[in-house]
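Student: These protein sequences, in sequence, are chains P and G.
Counting in our numbering, the first sequence runs from 1 upward without gaps.
Counting in our numbering, the second sequence runs from 1 upward without gaps.
Any given hint could turn out to be false.
Said to hold, decoys possible - Short, incomplete list of chain P residues facing chain G, as computed with Cβ under 7 Å:
| hint | residue |
| --- | --- |
| 1 | 20 |
| 2 | 74 |
| 3 | 76 |
| 4 | 119 |
| 5 | 120 |
| 6 | 161 |
| 7 | 164 |
Stated by the list, open to error - Okay, the calculated beta carbon distance ranges per label pair:
| hint | chain 1 | residue 1 | chain 2 | residue 2 | range |
| --- | --- | --- | --- | --- | --- |
| 8 | P | 129 | G | 198 | 52 to 62 Å |
| 9 | P | 156 | G | 165 | 30 to 40 Å |
| 10 | P | 61 | G | 101 | 17 to 27 Å |
| 11 | P | 159 | G | 192 | 16 to 26 Å |
The set of hints was computed from the structure by calculation and includes no laboratory data.
Note that the coordinates shown come from a computational prediction; the quantities given were computed from them, not determined experimentally.
Beta carbons are placed, not taken as given, at the ideal position from N, Cα and C, and that holds for glycine.
One letter stands for each residue in the lines below.
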Amino acid sequence: MDNLLWIFISALLVNNFVLTYFLGLCPFLGVSNSLETSFRLGLATTFVMLVTAICAWILNTYVLIHAPYLRLICFIVVIASTVQFIEMLIKKLSPTLFRAMGIFLPLITTNCAILGLAIFATNRGYGFWEGLIYALGAGIGFTLALVLLAGLREESELSSIPKLIQGTAMNLIIAGILSMAFMGFAGLFSSS
Amino acid sequence: MKKNESYEEFIKGIWRDNPVFAQVLGMCPMLAVTNSAINAIAMGGATFFVLVGSSFLVSSFRNWIPKQVRISCFIIIIATFVTIADYTLLALVPKVHKELGAFIPLIVANCLILGRQEAFASRYPTRLAVMDALGMATGFLIALFSLGAVREILGDGALFGVKLFSENFDPWIIMILPPGGFLTLGVILLFFNWFKYKKDEFLEDVAEAERSGS
Numbered sequence: 001m002d003n004l005l006w007i008f009i010s011a012l013l014v015n016n017f018v019l020t021y022f023l024g025l026c027p028f029l030g031v032s033n034s035l036e037t038s039f040r041l042g043l044a045t046t047f048v049m050l051v052t053a054i055c056a057w058i059l060n061t062y063v064l065i066h067a068p069y070l071r072l073i074c075f076i077v078v079i080a081s082t083v084q085f086i087e088m089l090i091k092k093l094s095p096t097l098f099r100a101m102g103i104f105l106p107l108i109t110t111n112c113a114i115l116g117l118a119i120f121a122t123n124r125g126y127g128f129w130e131g132l133i134y135a136l137g138a139g140i141g142f143t144l145a146l147v148l149l150a151g152l153r154e155e156s157e158l159s160s161i162p163k164l165i166q167g168t169a170m171n172l173i174i175a176g177i178l179s180m181a182f183m184g185f186a187g188l189f190s191s192s
Numbered sequence: 001m002k003k004n005e006s007y008e009e010f011i012k013g014i015w016r017d018n019p020v021f022a023q024v025l026g027m028c029p030m031l032a033v034t035n036s037a038i039n040a041i042a043m044g045g046a047t048f049f050v051l052v053g054s055s056f057l058v059s060s061f062r063n064w065i066p067k068q069v070r071i072s073c074f075i076i077i078i079a080t081f082v083t084i085a086d087y088t089l090l091a092l093v094p095k096v097h098k099e100l101g102a103f104i105p106l107i108v109a110n111c112l113i114l115g116r117q118e119a120f121a122s123r124y125p126t127r128l129a130v131m132d133a134l135g136m137a138t139g140f141l142i143a144l145f146s147l148g149a150v151r152e153i154l155g156d157g158a159l160f161g162v163k164l165f166s167e168n169f170d171p172w173i174i175m176i177l178p179p180g181g182f183l184t185l186g187v188i189l190l191f192f193n194w195f196k197y198k199k200d201e202f203l204e205d206v207a208e209a210e211r212s213g214s
């Protein structure tokens, strides 16, 4: 139980996917202009990550022990098709939920955060529950980073910023400062 | 004429449409592995191989790949090349492979590569596609190297592991840690913005001078 909590906190704060591993930067910089959208994107990503963790575990246990060199292709194909399938299912079962996160699902499928999650979980030899908790932590961490950046960007819309720095350059510098703040969480582990 | 055309495709990837500085693509591997120049070059080399190889293959098969499933086909082709690159690096330079770790398989998810297949390789003949891929990959390599070199010099006081400064140099450790990646790229983009701004200003001045002259 202790171990699971550690994995969760580590994925959520200390090894935050966006700010420490630089995974999923495209949506991080591209979609983070409004709080509402980035929250929904974060929700959808968390969901896809959970699906990914389950797929990766099944593949690792039953398929890939026989053919490790097919790992990459297998991951991509299986994750992409599972997400597509679930997307159809949600559309059928709950139109409200689909409207909240449906449009993001296809975009997320080939996001490097998703593939990175599968690869990291495999490299560390996580079991089923560990993988699931890791995915949950990573997903919420991703949402957190996205919402933080979106909040800062919404504020910055109101202030007058030199034209030169507007856009990606400013977002990257904000992200750098956020990342510095998140480095403070590294202390959580060394003390315990 | 023909030679010029392929030269044009090659050169545009290096400067005008540089994948990192101008289009801001392929950021994830870009920032994650550029904490030293040697890692940056290994990553750039692997991406180079994957991009050129898959552009060549996609462009050769472009008339046989059905439109509806093209993205999946591209991804499978790219994934194959990435697996080759992964195992090759493991065999040749195990130390670098260990440091890059999970980021080599992640080349698959690099939007630069898929973007080039979709936008260019699947539409143009093989020769042009390969030239375009060579240009883009070189541009990416240059960008990775410049970022890696800046971060290693500032953060470690060294380049390729060779110390550049005297003992008194106090390394700027934040630069080789994750925040340094964001900050360095932010500043480089700022410089590029400034350059573009100056150029626009210059062109406007010229236009105005012509107008007042005539």
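Student: All hints are to be evaluated individually against the structure, with a verdict given for each.
Tutor: Hints versus structure:
{"no.": "1", "hint": "20", "in the structure": "5 Å, holds"}
{"no.": "2", "hint": "74", "in the structure": "9 Å, violated"}
{"no.": "3", "hint": "76", "in the structure": "6 Å, holds"}
{"no.": "4", "hint": "119", "in the structure": "5 Å, holds"}
{"no.": "5", "hint": "120", "in the structure": "6 Å, holds"}
{"no.": "6", "hint": "161", "in the structure": "12 Å, violated"}
{"no.": "7", "hint": "164", "in the structure": "5 Å, holds"}
{"no.": "8", "hint": "P/129 / G/198: 52 to 62 Å", "in the structure": "57 Å, holds"}
{"no.": "9", "hint": "P/156 / G/165: 30 to 40 Å", "in the structure": "37 Å, holds"}
{"no.": "10", "hint": "P/61 / G/101: 17 to 27 Å", "in the structure": "22 Å, holds"}
{"no.": "11", "hint": "P/159 / G/192: 16 to 26 Å", "in the structure": "23 Å, holds"}
Violated hints, in rising order: 2 and 6; the structure is consistent with all others.
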